[in-house]
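Number of protein chains: 2
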Amino acid sequence: SLAAPAIAQSAPKVTWRLTSSFPKSLDTIYGAADVLAKRISEATDGNFQIQVFAGGEIVPGLQAADAAAAGTVEACHTVGYYYWGKDPAWAVAAAVPFSLSARGINAWHYHGGGIDLYNEFLAKQGLVAFPGGNTGVQMGGWFRKEINTVEDLKGLKMRVGGFAGKVMEKLGLVPQQIAGGDIYPALEKGTIDATEWVGPYDDEKLGFYKVAPYYYYPGWWEGGPTVHFMFNKAAYEALPAGYQSLLRTACQSVDANMLQMYDYLNPKALKSLVANGAQLRPFSPEILQACFTAANEVYAELEASNADFAKLWQSIKTFRAENYLWTQVAEYNYDTFMMIQQRNGAL
Amino acid sequence: SLAAPAIAQSAPKVTWRLTSSFPKSLDTIYGAADVLAKRISEATDGNFQIQVFAGGEIVPGLQAADAAAAGTVEACHTVGYYYWGKDPAWAVAAAVPFSLSARGINAWHYHGGGIDLYNEFLAKQGLVAFPGGNTGVQMGGWFRKEINTVEDLKGLKMRVGGFAGKVMEKLGLVPQQIAGGDIYPALEKGTIDATEWVGPYDDEKLGFYKVAPYYYYPGWWEGGPTVHFMFNKAAYEALPAGYQSLLRTACQSVDANMLQMYDYLNPKALKSLVANGAQLRPFSPEILQACFTAANEVYAELEASNADFAKLWQSIKTFRAENYLWTQVAEYNYDTFMMIQQRNGAL
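Top to bottom, those sequences are chains A and B.
Letter by letter, the first sequence follows residues 1 to 347 of our numbering.
Letter by letter, the second sequence follows residues 1 to 347 of our numbering.
FYI, nobody ran anything at the bench for these hints, they're computed from the structure.
Check the hints yourself; a few may be wrong.
Pairs count within a copy or across copies, as identical chains cannot be separated in the list.
[Unchecked claim] Calculated cross-link-like contacts (lysine to aspartate or glutamate; reagent style DMTMM-like; alpha-carbon spacing at most 20 angstroms):
| no. | residue 1 | residue 2 |
| --- | --- | --- |
| 1 | K13 | E42 |
| 2 | K157 | E169 |
| 3 | K189 | E146 |
| 4 | K271 | E188 |
| 5 | K268 | E322 |
| 6 | K268 | D87 |
| 7 | K13 | D45 |
| 8 | K271 | E322 |
With the rest of the complex left out, here is chain A:
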């Protein structure tokens, strides 16, 4: 056969479909896939097109990775912990309780070998993934009643996604799986006692403050959750090297961009929520300590029984100790001083 001209080989027309796990109403998280598609299209003069579909449009939100692995679509934008039921190892590079903050997990992804380690695991599923967004530390969610002791968690019906429920069960909490649109009525009726969602900006849209005013922090199960772009491995490997490189560059830019968007929007939403009656409450040290202990029990079980989980988690754990040694020096003291000024009205 005739050799194609060099220019056609290096910049071929490629059209991919990307299924998001998120509804369009989440402009922050859902929007990140649109931003990726736009950047890729612009950089290739429209030769590499990624068509973005919201969760449920062509694939249910929680099956996005399955669809990309099967080649039904070439790409998805999802969170690894949605698939923890297949194997808890899926969750580790996304978020597990008491893991790294947004800055920490990104340092691990990009310079601590995290991207390669996760892809070693995902290759067995037929996928290649790169970080594609972070929300920062999430809030602990909305509670109808105050939670003062570990005892108060017992029997509490809480809508909570993913792997975190497994840890919470150890404390007697009863995790509920409820889709986004169904949470508000369940909370209003008292079918559930509490729900977590994301943080002020996304939470405000769903109006939970009207029916469950106690807004707890921090969301210890999502210290810096990573949303991933996942690609069908064969489709990714069939791309010319230039497109692969561009995709990695664009993913890293979008990963940063989502956190930046949250960091800009969350403060305004928090002010508005508090003005509308949300009651901010910290989880007590006693509760956090009990949750930390429960999480460590789950990790010990999984490290003993699941080699993929152990490899990923031990890599994060090693860096986590170093990371929190360093951040308590300059970062923490700078932030503390600035927060004191904020409270004093001096900023």
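With the hints as your guide, set chain B onto chain A.
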């Protein structure tokens, strides 16, 4: 004249020269320009090449922006506060004392209008700039003697770059401008009493701990300093739209990547520095408060006398108050809990 074929218009051969303000020994900061060049080249199949030169190779490090503005080179990688002597407005989007942290300043750059505001100012200099790296909160530097009171700052000869010196002078400190390679001997001989540089990873290479063991934190004058890629405005505007878009995407990816690299490397370097005798010391609340007051005096003067400075600083200031309201909720409480675990040896 004949119309060029469409493909040639959209992916023309372009070769740019980029002068860095930094020496090659700073693989973190200097390296970011190499990463940008590699990503741009790969994504364009080698059609858009950026040749990177270290500080001093073709242009002195502190004249990088001048060279890009004049069109001597098309691009530079530099820090805005190097040019504060021309006009303090240059410094605001880079770092000024008690400004935003790395996450905060990036939220402002990308979603708070910061990039456009800075470019409004830089357009008058013939430049277009995008964030191209961040170090995180820097350390306060190396001191030959302990600094316990504001009185101890009086007459102290400290090597400190940029705008921060203007604030420190208010406290009686005597800022010294000394190039990187000359700092160690000056510190050893006692010609200067103290120096700031960057943070553990970069500082360790220069060996300051051997001659000035007191390592203070935080570097309140660099809470989240942004390094910028600056482009000759005419050269940037002459690029095809696809290359401009790619350049912006790649800059945002590199901006994130530098911070991620520091966040991964600094903890290891801190451990090593302490093992080698560095003595960690926090600046006292009294000292920080005096520096904050001095900084606010300088800002008040400049806001009254310099419209460009005022526009940029007031935009940051407004967001700064919101940012530190929000971060003291989930982020700060999560980090605090994790740091307690770190100190307890539980991570």
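Now the hints, each set against the structure:
1. Taking identical chains as interchangeable, the C-alpha atoms of K13 and E42 lie at most 20 angstroms apart whether they share a chain (13 angstroms) or sit on different chains (17 angstroms).
2. For the identical chains of this complex, K157 and E169 are intra-copy neighbours only, at 10 angstroms inside a copy versus 59 angstroms across copies, given an alpha-carbon limit of 20 angstroms.
3. For the homomeric pair K189 and E146, the shortest alpha-carbon distance inside one copy (17 angstroms) is at most 20 angstroms, but the shortest distance between copies (62 angstroms) is not.
4. In the homo-oligomer, the alpha carbons of K271 and E188 never lie at most 20 angstroms apart, since the shortest distance is 23 angstroms inside one protomer and 51 angstroms across protomers.
5. In the homo-oligomer, the alpha carbons of K268 and E322 lie at most 20 angstroms apart only across protomers (7 angstroms), although the nearest pairing inside one protomer, at 33 angstroms, exceeds that limit.
6. When the C-alpha separation of K268 and D87 is checked against a cutoff of 20 angstroms, the pair qualifies neither within a copy, at 38 angstroms, nor between copies, at 32 angstroms.
7. For a Cα distance limit of 20 angstroms, the shortest separation of K13 from D45 qualifies both inside one copy, at 10 angstroms, and across copies, at 15 angstroms.
8. Taking CA atoms no more than 20 angstroms apart as the test, K271 paired with E322 passes between copies only; the shortest distance there is 8 angstroms, against 34 angstroms inside one copy.
In summary, the numbered hints that this structure violates are 4 and 6.
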